[in-house]
Amino acid sequence: MEGGEWRDSIINQLRTRNKRETSAFQDIFTFQSRLFDNVNTLKNENLQLTLLNERIRYSNTESVSSAGGIGVANERIQTLEQKVLIQQEELTSLHRRRGESAQQIINLNAKVHDLEKSLQAKDVIISENTALLASLRAEIQMYENNMTELQGLNQVLRDEHQALQIAFAAIEDKLRKAQDENRSLVERLIKYKAKDADKMNEENEHFLKKKSDKVKKELEEAAREGGSRSSGGSGGSADDKIMDSMPYYATSLPSKVALRFDAHDGEVNAVKWSPTDRIVATGGADRKVKLWDVSKLGTAEGRGALVGSNAGVMSVDFDSTGAFIVGASNDFASRVWTVGDQRLRRNFSHHVAIPGYQTVESDAANSTELLCI
Amino acid sequence: MANDREVLREIWDGKLPVCFQLDQEEIMEIQQPDPFYVMVPRLSYFPLVIDKMKRHFLRFISQENADNEMWLDYNGQPLKWHYPIGFLYDLYCGSDPQTPWILTVHFSKFPENILLHCPNKDIVEAHYMSTVKEADVLKHRGQVMSTMQKKDHNQLWLGLQNDKFDQFWAINRRLMESHGESEGFKNIPIRIYSEDGTYIQRLINPKNSDGSRKVVQQLISELYPENPVKLRTHGINIPLDTPLQWLSEHMSYPDNFLHVCIC
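Residue numbers (full-length UniProt numbering), protein chains in the order written: chain A, 1 to 373; chain B, 1 to 263.
The set of hints was computed from the structure by calculation and includes no laboratory data. Note that the coordinates shown come from a computational prediction; the quantities given were computed from them, not determined experimentally. Do not take every clue at face value.
To be verified - Within a straight-line C-alpha distance of at most 30 Å, the following computed DSBU-like cross-link-like pairs (lysine-lysine) qualify:
| hint | chain 1 | residue 1 | chain 2 | residue 2 |
| --- | --- | --- | --- | --- |
| 1 | A | K19 | B | K186 |
| 2 | A | K19 | B | K230 |
| 3 | B | K121 | B | K150 |
| 4 | A | K43 | B | K80 |
| 5 | A | K210 | A | K195 |
| 6 | A | K211 | A | K195 |
| 7 | A | K195 | A | K209 |
| 8 | B | K207 | B | K230 |
| 9 | B | K164 | A | K43 |
| 10 | A | K177 | A | K199 |
| 11 | B | K207 | B | K133 |
| 12 | B | K164 | A | K19 |
| 13 | B | K121 | B | K109 |
| 14 | A | K19 | B | K80 |
| 15 | B | K186 | B | K207 |
| 16 | B | K80 | B | K230 |
| 17 | B | K121 | B | K52 |
| 18 | B | K54 | A | K19 |
| 19 | B | K133 | B | K186 |
Extracted from the complex, chain A is given alone in its bound form (with noise of 0.2 Å):
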């Protein structure tokens, strides 16, 4: 801390200076503050204090003015005077409340009466209710009736349908032994078919057996005959007769193609010509029989295809008319067309005889060799 003469002389300055100003005030303001304060509230109360008083003063001359005595007996009349007064006051207010008590009575009586007819009203609506409940009891009685035969008849007509049910159980049983029945009796049926077939293509190979022995024999036959000629000693004589005997015949080997062709997409198997039309009909590998008009000069003109081969046609032939041509194929089967509209008539493979067949054949008798072949 710092001194010096100069700090003492602050200090006690400021002593006295606070001495001076402050510490001989302080008591003095403090008091003077205080009573300050209580000579307000006293004023305040003061003033409070005096409107009560005022307010006093006022009623007390109020109750004040109606004091006052004339005399004794005056003042007894008076009351007196007053009692009778209130008497007759209560008097009149009793008339007056019996005449109300009266009207009383009548809306009273009225009201009953009211009521009394509400009441009857109410027991009409009452009887009329319970008219309806009884109806609607009965109506209730007649429904539940109603729905026990319902029920009744339900019942029976649960019972008839499960008998139905069942019958109808036993029925499909016997439907499905039918059915079988009928399907070993078609088995049966188809075994029997077969049979036949194979018995008639028995037969027919006999047949033809038959028929090729023969044609053998009378061979065989036509040979003997030949060798006994020639074994005869005579044949050089007897050959040259026969040379004599038929007819002269010249011939020529064909020198220039007159007309050349691509017919097939492969090797040409057979080729014919119609016996009728100028017509020739080529057999190729390409599975395929095809018609070619040859009538005008130089050219070949297709008439058309004939499909149906599953294999290249070996050889082919018209009939007599020619309005059908055969054709043998490598699938082991022959087809007859016919020429006019170009479509596949027939279809023999393996030989199985159909009816029908001995006409072709008749008519076609080289081709039937064919295929043989």
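Position chain B against the provided structure of chain A, taking the given hints into account.
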């Protein structure tokens, strides 16, 4: 460092007895109002201590003036509310002490060209804080105030407003510390007032050019070389050999300025 607690306490405890009287022209009641006596702290400001007095006098004035701003005068001289009360007393009654100090209360004819308006206490606080800042700028280039928080500012103001010595000095001591390598403030915040109320404020270094401490005597001879004056603050004459640094630390008003009167 402001560590002479004895001096600080004596200054803080200084109170003035004041007697408020309502201006005769304002009285609208038949009954004369009683004068209002009160002890006011020298370091405080008038707007902070006159609430009760105002309530007391409001009863006696005309209703149309009741909402007007109140102002005070002493011997016809309007009192500026933004100076500390003790300084106003020193300025106007320093040479002729008057106890109690009799002031006149006015509610009308506000002297617009002399006084600032003061509608509420927030204005006083704003003025006070700005003065503290100005002083801090002079002393520490404003470093101390700017590092303080809002609550420190509040504590400073509330300490002053509620006359709490410890609360106030807990903060104010930071403003009175010296910063930097050199002992002492950059400049001393001091205002020297003439009797007519005008003041001079100069940049005054607490040290002489040779580094020794400057005392009051040197300050006076610097400012008034022809006419040596006496300086007065807090109701006392300042001894001439008091160092300026110590004076600023211990005898500044709460706004951190030395308000000194010539007498």
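Taking the hints in turn, this is what the structure says about them:
no., hint, verdict
1, K19/A to K186/B, "violated (36 Å)"
2, K19/A to K230/B, "holds (23 Å)"
3, K121/B to K150/B, "holds (18 Å)"
4, K43/A to K80/B, "violated (35 Å)"
5, K210/A to K195/A, "holds (22 Å)"
6, K211/A to K195/A, "holds (24 Å)"
7, K195/A to K209/A, "holds (21 Å)"
8, K207/B to K230/B, "holds (21 Å)"
9, K164/B to K43/A, "violated (34 Å)"
10, K177/A to K199/A, "violated (33 Å)"
11, K207/B to K133/B, "holds (22 Å)"
12, K164/B to K19/A, "holds (21 Å)"
13, K121/B to K109/B, "holds (21 Å)"
14, K19/A to K80/B, "holds (27 Å)"
15, K186/B to K207/B, "holds (9 Å)"
16, K80/B to K230/B, "holds (24 Å)"
17, K121/B to K52/B, "holds (15 Å)"
18, K54/B to K19/A, "holds (28 Å)"
19, K133/B to K186/B, "holds (14 Å)"
The earlier numbered hints that this structure contradicts are 1, 4, 9 and 10.
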